[in-house]
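A.B. asks: Chain by chain, the residues run as shown.
2 protein chains.
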Amino acid sequence: MSGLVRSWVESANSPTTDFPLNNLPCGVFSTPDLTPRCGVAIGAMILDLGAVDHGLDQSLFAAPAWNAVMAAGPQVWAALRARLMALLSDPAHQAAVTPHLVAQAGARLHLPFVVAEFTDFYASKHHATNVGTLFRGAQNALPHNWLSIPIGYNGRASSVVVSGTDVLRPWGQMKGPDHDMPAFLPSRRFDFELEMGAIVGMPSTGMVSVQQADDMIFGYVLLNDWSARDIQAWEYQPLGPFQAKATATTISPWIVTKPALEPFRTQTPPRDRPLLPYLREPGPMLYDIVLEVALAPEGAGETVIARSNYAHMYYSAAQQLCHHTSSGCAMRTGDLLGSGTISGPTKGSRGALLELTSGGKEPIPLATGGTRSFLQDGDTLTLRGAAIDAGYRIGFGACTGTIRPAVDLPDWAKD
Amino acid sequence: MSGLVRSWVESANSPTTDFPLNNLPCGVFSTPDLTPRCGVAIGAMILDLGAVDHGLDQSLFAAPAWNAVMAAGPQVWAALRARLMALLSDPAHQAAVTPHLVAQAGARLHLPFVVAEFTDFYASKHHATNVGTLFRGAQNALPHNWLSIPIGYNGRASSVVVSGTDVLRPWGQMKGPDHDMPAFLPSRRFDFELEMGAIVGMPSTGMVSVQQADDMIFGYVLLNDWSARDIQAWEYQPLGPFQAKATATTISPWIVTKPALEPFRTQTPPRDRPLLPYLREPGPMLYDIVLEVALAPEGAGETVIARSNYAHMYYSAAQQLCHHTSSGCAMRTGDLLGSGTISGPTKGSRGALLELTSGGKEPIPLATGGTRSFLQDGDTLTLRGAAIDAGYRIGFGACTGTIRPAVDLPDWAKD
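Same order as they appear, the protein sequences are chains L and G. Under this note's numbering, think of the first position of the first sequence as 1, with each following residue one higher. Under this note's numbering, think of the first position of the second sequence as 1, with each following residue one higher.
Calculated directly from the structure, the hints in this document are not laboratory data. In this text, a Cβ means the ideal position worked out from N, Cα and C, and glycines have one as well. Take these hints with a grain of salt, some might be off.
[As the list claims (entries may be wrong)] Distance condition first, Cα-Cα at most 25 Å in a straight line; then the derived DSS-like pairs of lysine-lysine:
| # | chain 1 | residue 1 | chain 2 | residue 2 |
| --- | --- | --- | --- | --- |
| 1 | L | Lys-175 | G | Lys-125 |
| 2 | L | Lys-125 | L | Lys-414 |
| 3 | L | Lys-347 | L | Lys-175 |
| 4 | L | Lys-361 | L | Lys-125 |
| 5 | G | Lys-125 | L | Lys-125 |
[To be verified] Not the full set, but computed from the structure, chain G residues with beta-carbon under 7 Å of chain L:
| # | residue |
| --- | --- |
| 6 | His-110 |
| 7 | Pro-143 |
| 8 | Ser-148 |
| 9 | Gly-152 |
| 10 | Tyr-153 |
| 11 | Gly-155 |
| 12 | Ser-159 |
| 13 | Phe-184 |
| 14 | Glu-235 |
| 15 | Ala-413 |
[To be verified] Just so you have them, the derived chain L footprint on chain G, three or more residues with Cβ under 8 Å:
| # | region |
| --- | --- |
| 16 | 60-71 |
| 17 | 165-178 |
| 18 | 270-278 |
| 19 | 387-399 |
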């Protein structure tokens with residue numbers, strides 16, 4: 001807990017910036033003059049890593065993605081961070097570095113890495129209990145395996161998009177409780193899920209320990225796993241969610257690396273029953289990251305509809321990654337692991353409209369008027385998150401998306 | 001149904017070869033002298049496409065994978081096939097082409113394409129009924145959605161391996177019916193699944209029709225989705241199979257392209273209830289492909305334990321791919337779609353030991369002595385398949401794997 005590390009980039013010393021020198025998150029940006037390339041955020045600026053003298057092999061930054069750096073391993077990660085800390089703290093470097101700073105206000109942000117595969121977990125006990133109650137009743141809310149397994153399922157990497165990408169309301173099969181047969185319709189119960197995403201930097205073959213898994217993780221992003229609840233309810237038995245989760249998964253533009261989050265490590269909560277030895281953590285592997293969800297109808301101001309914390313999770317990303325390898329499954333650079341919806345113990349800390357509105361039965365009020373059961377066309381949903389210490393915050397940038405109307409049904413899909 | 005197309009490669013004219021000139025399946029091979037590269041099988045030989053004059057842009061064959069050719073689209077696929085048919089049928093080309101033929105006997109085969117993402121389906125009604133009965137009882141065997149949705153779930157691309165790769169028995173969490181708590185053990189109910197795999201050649205964004213989906217498919221492979229039934233039974237509720245299916249998925253080394261299978265197209269069976277319009281097929285989109293499964297204990301001869309046919313499926317790969325895009329999910333070159341276990345109506349046509357042995361309760365006899373409930377260490381499991389017409393067969397090569405003992409448990413995983 002060393003407090004703010006000061007930079008000669010003045011905007012990085014503001015107590016309200018997401019990007020002090022302590023953070024140095026990794027992204028990919030472009031401007032009208034610059035093609036997409038790797039950069040790190042510093043205050044209101046971005047440092048262009050394809051141009052500045054960071055002392056590393058320049059080929060690591062040849063592609064507009066962080067995968068090559070991730071694959072280079074923890075020693076390279078540490079060397080890069082140390083060099084950037086020096087460049088951006090010591091005024092002696094200011095003249096040489098300043099030409100390679102770009103204003104965030106004039107930059108477009110892209111997906112920061114090539115997603116190899118995407119796995120989504122189900123690791124908040126509050127969320128699992130709330131959703132389990134809605135889908136299966138209070139008696140069967142928490143599956144018997146839940147307290148022993150970090151339950152996960154494979155998602156779809158091709159649907160991962162960067163913050164700011166519009167999201168088209170999906171079509172899908174759904175069946176109302178009063179109908180015998182399903183219909184193919186635009187989703188009427190389209191929802192968000194507040195999650196964190198862990199990014200696998202180092203690959204593995206064979207099973208790894210929780211400690212090894214933690215070492216493999218390069219960093220974290222905010223993640224919104226958009227979910228069509230009506231499609232999900234009809235399709236998910238017996239093999240799990242499929243098209244309900246395949247429309248889009250939005251991540252924040254900045255990967256916050258583990259060293260930036262190190263002061264905010266925290267323990268997972270006490271176990272309701274003992275874990276099997278392979279899943280026991282050798283130290284604190286969750287993080288105290290304050291999260292909020294805001295909803296803005298088209299043309300109106302936003303309402304914060306939920307406040308939560310990553311520390312509410314029952315399983316850490318390291319435990320999830322360890323379990324992911326337990327059958328011998330190979331992990332690769334660029335694998336993305338969604339934490340699962342992050343819900344806290346109180347109603348206002350629930351990480352999805354499904355839970356916030358009790359399955360749509362109790363719409364929540366918006367500060368600008370009206371209510372929401374599920375997302376409407378034109379709504380913009382924004383996740384924000386930061387690890388906060390005295391005098392500084394480690395932020396991720398916003399993770400945002402606007403719902404656009406479903407496309408017209410093609411002729412061949414009509415009755 | 002034009003019958004055998006003769007080649008000057010004499011071994012391609014044998015009625016028993018899997019690889020007549022009609023076939024020309026796509027693989028990647030190496031020899032002690034040649035690095036891995038693209039080739040097509042012809043009789044007992046392989047034609048080296050990096051060396052022969054096929055008239056296409058040579059950069060399509062720069063990598064040891066068929067992805068570039070697949071991404072180039074159906075016109076390129078057709079041009080390549082036409083040119084290879086001419087080169088290998090007309091003796092005028094024999095002198096120029098012969099130096100680029102390599103004996104299969106001296107070649108090693110590799111994964112023929114880079115798997116982008118892997119999706120597995122559940123599309124045999126016989127299989128879904130048999131397994132549903134074992135997991136959920138006869139009353140709930142076929143889920144209510146099954147007759148309307150080509151049920152699928154996302155699998156793990158990193159676990160896809162080529163035929164001939166050994167398979168390590170996985171560790172995993174499992175819980176016996178007489179135990180309150182799970183244990184972490186090597187799987188005792190390790191199984192195969194007889195499947196076909198469809199390979200997406202052309203990418204898509206947004207929803208595609210069944211016809212467009214069929215047009216996007218480059219070809220088919222045999223596929224064995226190794227499955228740990230004890231891990232699966234404990235983990236699969238509520239989000240589907242995860243580590244039970246992540247140890248390995250083996251595919252045959254040769255991609256059989258659609259034109260080779262064209263004479264063998266056949267209709268899906270009559271519908272038990274009408275499909276929604278978007279899933280209706282404009283023509284026959286299954287294939288009549290005869291399949292068999294053989295099991296050989298270590299050091300012993302093999303027993304054919306099942307005989308089936310791809311035509312038993314309720315849903316075609318084109319229907320599955322159409323449904324996969326229905327929520328707007330983008331598909332990419334190299335996506336692999338497993339058909340789901342192919343089981344026919346008779347006991348001997350079941351595509352997994354789980355079904356063949358009624359959940360392990362009725363072990364099957366082996367011709368060489370002994371019985372099997374599930375796979376034992378040292379067992380070699382082989383899938384074979386061919387579309388058969390008078391005088392020729394379109395084969396895939398064997399899809400085989402040998403079970404090796406589970407690795408020793410690492411210290412950190414011990415109690």
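A.B. asks: The structure should be examined with respect to each hint, and the outcome stated for every one.
C.D. replies: Checked hints:
1. This hinted pair checks out: Lys-175 (chain L) and Lys-125 (chain G) have alpha carbons roughly 21 Å apart, not beyond 25 Å.
2. Between the alpha carbons of Lys-125 (chain L) and Lys-414 (chain L) the distance comes to roughly 42 Å, so the proposed pair goes past 25 Å and is violated.
3. With a C-alpha separation of about 28 Å, the suggested pair Lys-347 (chain L) and Lys-175 (chain L) falls outside the 25 Å cut-off, and the hint is violated.
4. Proposed proximity of Lys-361 (chain L) and Lys-125 (chain L) is supported: the alpha carbons are some 22 Å apart, at most 25 Å.
5. With a C-alpha separation of about 36 Å, the suggested pair Lys-125 (chain G) and Lys-125 (chain L) falls outside the 25 Å cut-off, and the hint is violated.
6. For His-110 (chain G), the suggested interface contact is broken, since its CB lies about 16 Å from the closest CB of chain L, more than 7 Å.
7. The closest approach between the C-beta of Pro-143 (chain G) and any C-beta of chain L is roughly 5 Å, which is under the 7 Å cut-off, so the hint is satisfied.
8. A cut of 7 Å between beta carbons decides the hint on Ser-148 (chain G): the least distance to chain L is about 5 Å, and the hint holds.
9. Interface restraint check: Gly-152 (chain G) against chain L, minimum CB-CB distance 5 Å, threshold 7 Å, status holds.
10. With a cut of 7 Å, the hint placing Tyr-153 (chain G) at the interface with chain L holds, because the nearest CB-to-CB distance is about 4 Å.
11. At about 6 Å, the closest approach between the beta carbon of Gly-155 (chain G) and any beta carbon in chain L falls short of 7 Å, and the interface hint on this residue holds.
12. Among the interface hints, the one on Ser-159 (chain G) holds; its C-beta lies about 6 Å from the nearest C-beta in chain L, closer than the 7 Å criterion.
13. At its closest, the beta carbon of Phe-184 (chain G) sits 5 Å from a beta carbon of chain L; the interface hint therefore holds under the 7 Å criterion.
14. The beta carbon of Glu-235 (chain G) comes within 6 Å of a beta carbon in chain L, closer than 7 Å, and the hint placing it at the interface holds.
15. Checking Ala-413 (chain G) against chain L: minimum C-beta separation of about 4 Å stays under 7 Å; hint holds.
16. Coverage of the region 60-71 of chain G by chain L is violated [criterion: at least 3 residues with CB-CB distance below 8 Å; count 0].
17. Only residues whose beta carbon comes within less than 8 Å of a beta carbon in chain L count, and the region 165-178 of chain G has 6; three or more means the coverage holds.
18. With 4 residues having a Cβ less than 8 Å from any Cβ of chain L, the region 270-278 of chain G passes the three-residue criterion, so the hint holds.
19. Judged by the Cβ-Cβ criterion of 8 Å, the region 387-399 of chain G is not covered by chain L as claimed, because only 0 of its residues qualify and three are needed.
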